[in-house]
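Colleague: Sequence:
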Amino acid sequence: MDKLISFREHPPLKILIVGAGIAGLTAAYWLHQYGFDVDIIEKVESFGNQKGYVIDFWGPGFAVLEKMDLVKTLHAKNHALKEFIFVDEAGNQDARFSIPKFRQLHNQRVFTLLRGDLDAALRDCISSYVPIHAGIVIDSIDNTNDTVLVHFSNRTEGRYDVVIGADGIHSRTRALVFGDESHFSHYLGYQLAAAILPNNADIHDALYTYSATGKQVAVCPIDKHQLATYFVYRSPEKDLLDAKQNLQMAFKNEAWVIPRIFESIAKTDAIFFDTLTQIEMPTWHKNRVVLLGDACQCLTLMGGQGASMAMAGAYVLSTVLNQHNNNIQNAFLCYESIMQPEIKQKQAIARRFLNTFIPTQKIDNASRNFFTRQFFKNMYFASTVDEYCRIVF
Numbered sequence: 001m002d003k004l005i006s007f008r009e010h011p012p013l014k015i016l017i018v019g020a021g022i023a024g025l026t027a028a029y030w031l032h033q034y035g036f037d038v039d040i041i042e043k044v045e046s047f048g049n050q051k052g053y054v055i056d057f058w059g060p061g062f063a064v065l066e067k068m069d070l071v072k073t074l075h076a077k078n079h080a081l082k083e084f085i086f087v088d089e090a091g092n093q094d095a096r097f098s099i100p101k102f103r104q105l106h107n108q109r110v111f112t113l114l115r116g117d118l119d120a121a122l123r124d125c126i127s128s129y130v131p132i133h134a135g136i137v138i139d140s141i142d143n144t145n146d147t148v149l150v151h152f153s154n155r156t157e158g159r160y161d162v163v164i165g166a167d168g169i170h171s172r173t174r175a176l177v178f179g180d181e182s183h184f185s186h187y188l189g190y191q192l193a194a195a196i197l198p199n200n201a202d203i204h205d206a207l208y209t210y211s212a213t214g215k216q217v218a219v220c221p222i223d224k225h226q227l228a229t230y231f232v233y234r235s236p237e238k239d240l241l242d243a244k245q246n247l248q249m250a251f252k253n254e255a256w257v258i259p260r261i262f263e264s265i266a267k268t269d270a271i272f273f274d275t276l277t278q279i280e281m282p283t284w285h286k287n288r289v290v291l292l293g294d295a296c297q298c299l300t301l302m303g304g305q306g307a308s309m310a311m312a313g314a315y316v317l318s319t320v321l322n323q324h325n326n327n328i329q330n331a332f333l334c335y336e337s338i339m340q341p342e343i344k345q346k347q348a349i350a351r352r353f354l355n356t357f358i359p360t361q362k363i364d365n366a367s368r369n370f371f372t373r374q375f376f377k378n379m380y381f382a383s384t385v386d387e388y389c390r391i392v393f
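When you line the sequence shown up against this note's numbering, it's residues 1 to 393, in that order.
FYI, nobody ran anything at the bench for these hints, they're computed from the structure.
Virtual Cβ for every residue (Gly too), placed ideally from N, Cα, C.
Careful, some of the hints might be misleading.
As the list claims (entries may be wrong) - Label-pair distances were calculated between CB atoms; the ranges are:
no., residue 1, residue 2, range
1, Arg155, Glu83, 50 to 58 angstroms
2, Arg123, His204, 24 to 32 angstroms
3, Pro236, Lys344, 33 to 41 angstroms
4, Gln93, Arg260, 37 to 45 angstroms
5, Asp269, Thr156, 14 to 22 angstroms
Let the hints inform the model, and build the full structure from the sequences given.
Modeller: See below:
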């Protein structure tokens, strides 16, 4: 893509992005396209061939994929599952939903991807012009109205016009500038785990979900030999100490294919653990530091659209910085006015549907199936964010 039109009357702003995840990489792409001077740091030292977990990608971020010419690349990585199936403890099908019909409902603008494949595609987009400085974190930030002085873990420092904290739900940038995570995190009462495991459960062509009181397992094939697995279970404690042992204890008495899956769980440490936690903040900026993605708008994996909204937020922030280059505070306020209302709405929807998908008490299947259909129908709706991402600037 050729460089886009810049609205600047002054030299380009120097911008630091903290975090090379979906939000940070997307912001790096668009800020470069608008002609800004961009640095990006990431605490992880090496990306390797990380697969992560399975995500469904739809909504406002899809328009950003289109603008970045990534649809063809990611279509090749799409896992075209045929059905979403609820099963009981014996493996009998309680209900089934057609995934192709769902995609048709949303004009085929839905991908089922490995998080790692999306990350890799975004890294490839910026690799030739925005190098990622890996293995580096921020030690301190001096954030004033005029500039931001950043001291890094490698004993260097940099002075920036804007710092974007895109370093995830446990953001160090947020902690340094806005305060401790406990002020903004809202634990929803569940822990989660995700892993890519050998397919020793004879699962094919569909996403299977098993729910019991206070817990849920979802499994789907990513190829002939591997399963993406996802576990959520109720826990009064958000502490992730002994997370693997707690996971095994939570599901030790469950049937279906779960015992076979946990044979593989016992043999690996490549498991992603976290809590179902939302981040809610009254403002996403302070002086010249602004937050992006899960650092300020975490929807949780159960809420869906986290990756899509991260890309949408990155596009919105980059574009308003270009449009309001001479007034950074106006740019930040515009970014928040576009993004915050929809984020609040999606967070509320996630909380409302949580007890349906993972009931705290036994519910009848008809109620669960009704709410599932409603969730699928309503999880994408025309919005201010979607309309903004479709505009050609």
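Colleague: Which of the listed hints are not met by the structure?
Modeller: Failing hints, ascending: 3, 4 and 5.
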